[in-house]
Amino acid sequence: AQSVTQLDSHVSVSEGTPVLLRCNYSSSYSPSLFWYVQHPNKGLQLLLKYTSAATLVKGINGFEAEFKKSETSFHLTKPSAHMSDAAEYFCVVSDPNDYKLSFGAGTTVTVRA
Amino acid sequence: DTGVSQNPRHKITKRGQNVTFRCDPISEHNRLYWYRQTLGQGPEFLTYFQNEAQLEKSRLLSDRFSAERPKGSFSTLEIQRTEQGDSAMYLCASSLTGTRHTGELFFGEGSRLTVL
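Chains as they are written, first to last, in this note's numbering: chain A, 1 to 113; chain B, 1 to 116.
FYI, nobody ran anything at the bench for these hints, they're computed from the structure.
This structure is a prediction, so every number in the text was calculated from the model and none was measured.
Heads up, a few of these hints could be off.
If you anchor each label on the Cβ, the simulated ranges turn out as follows [what the hints assert, rightly or not]:
hint : chain 1 : residue 1 : chain 2 : residue 2 : range
1    : B       : Arg15     : A       : Gly16     : 48 to 54 Å
2    : B       : Ile12     : A       : Ser12     : 30 to 36 Å
3    : B       : His10     : A       : Thr77     : 31 to 37 Å
4    : B       : Ser58     : A       : Ser26     : 16 to 22 Å
5    : A       : Ala54     : B       : Asn51     : 30 to 36 Å
6    : B       : Ser87     : A       : Gly62     : 32 to 38 Å
7    : B       : Ala53     : A       : Thr110    : 38 to 44 Å
8    : A       : Glu66     : B       : Gly16     : 48 to 54 Å
9    : A       : Tyr29     : B       : Gly98     : 41 to 47 Å
10   : A       : Gly16     : B       : Glu52     : 46 to 52 Å
11   : B       : Asn7      : A       : His10     : 30 to 36 Å
12   : B       : Pro8      : A       : Ser80     : 26 to 32 Å
13   : B       : Ser58     : A       : Glu15     : 35 to 41 Å
Once the Cα atoms are required to be at most 27 Å apart in a straight line, the calculated BS3-like pairs of lysine-lysine come out as [claimed, not checked]:
hint : chain 1 : residue 1 : chain 2 : residue 2
14   : A       : Lys100    : A       : Lys42
15   : B       : Lys71     : B       : Lys57
16   : A       : Lys100    : B       : Lys14
17   : A       : Lys69     : A       : Lys58
18   : A       : Lys100    : B       : Lys71
19   : A       : Lys42     : B       : Lys57
20   : A       : Lys58     : A       : Lys42
21   : A       : Lys42     : B       : Lys11
22   : A       : Lys49     : A       : Lys100
23   : B       : Lys57     : A       : Lys49
Virtual Cβ for every residue (Gly too), placed ideally from N, Cα, C.
Let the hints inform the model, and build the full structure from the sequences given.
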């Protein structure tokens, strides 16, 4: 079975400082990994995806993530946080049959002015 | 708006009542998914349709739950004899098929169920 573990349930940063959200995965296959974001009262939105191409993946709104097989990690980063980045972030792994997603428990990001 | 639409957005019901949620996916998407999300947790897979065929159901989906997607368009999720443990946000998502679209799900805003 495939799963992801988000290492921080809550991250608080100051506006303009870097953001780091940590995710480790467990998979018996070469995984497809994703980050989704959920703003209050909004639907989940795909931020970025890794599917065995380049290990450094760039997403929307300045986010990027690096796939590290040796560390079984897929951490999400952004160089400079903006107030609009305050949201819930989910690390996700895909079933090999590609239709079923397994979500982590989520990391809540708050941004201080 | 051509996104995924879910109705109703909120439903409060008494234990033992039946409830039904509707999902209208993005029109050209042939895959449709239902997930459930409880407070403080990530969404959990419930079931999945390819066109009108329901191809998998999670063990989370007890016999009181039934989902349909007639004609491969909108979908309904019915919960019979609701229990307090059914209180959650029910999320619908849709996607295209193909490896190029792996994991690219478009989610609705969800239907929140509260069972008293």
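Each hint tested on the structure:
| no. | hint | result |
| --- | --- | --- |
| 1 | Arg15/B with Gly16/A: 48 to 54 Å | 49 Å, holds |
| 2 | Ile12/B with Ser12/A: 30 to 36 Å | 33 Å, holds |
| 3 | His10/B with Thr77/A: 31 to 37 Å | 36 Å, holds |
| 4 | Ser58/B with Ser26/A: 16 to 22 Å | 19 Å, holds |
| 5 | Ala54/A with Asn51/B: 30 to 36 Å | 33 Å, holds |
| 6 | Ser87/B with Gly62/A: 32 to 38 Å | 36 Å, holds |
| 7 | Ala53/B with Thr110/A: 38 to 44 Å | 43 Å, holds |
| 8 | Glu66/A with Gly16/B: 48 to 54 Å | 50 Å, holds |
| 9 | Tyr29/A with Gly98/B: 41 to 47 Å | 18 Å, violated |
| 10 | Gly16/A with Glu52/B: 46 to 52 Å | 50 Å, holds |
| 11 | Asn7/B with His10/A: 30 to 36 Å | 32 Å, holds |
| 12 | Pro8/B with Ser80/A: 26 to 32 Å | 39 Å, violated |
| 13 | Ser58/B with Glu15/A: 35 to 41 Å | 40 Å, holds |
| 14 | Lys100/A with Lys42/A | 21 Å, holds |
| 15 | Lys71/B with Lys57/B | 19 Å, holds |
| 16 | Lys100/A with Lys14/B | 32 Å, violated |
| 17 | Lys69/A with Lys58/A | 18 Å, holds |
| 18 | Lys100/A with Lys71/B | 22 Å, holds |
| 19 | Lys42/A with Lys57/B | 26 Å, holds |
| 20 | Lys58/A with Lys42/A | 22 Å, holds |
| 21 | Lys42/A with Lys11/B | 17 Å, holds |
| 22 | Lys49/A with Lys100/A | 15 Å, holds |
| 23 | Lys57/B with Lys49/A | 25 Å, holds |
Against the hints set out earlier in the document, violations occur for numbers 9, 12, 16.
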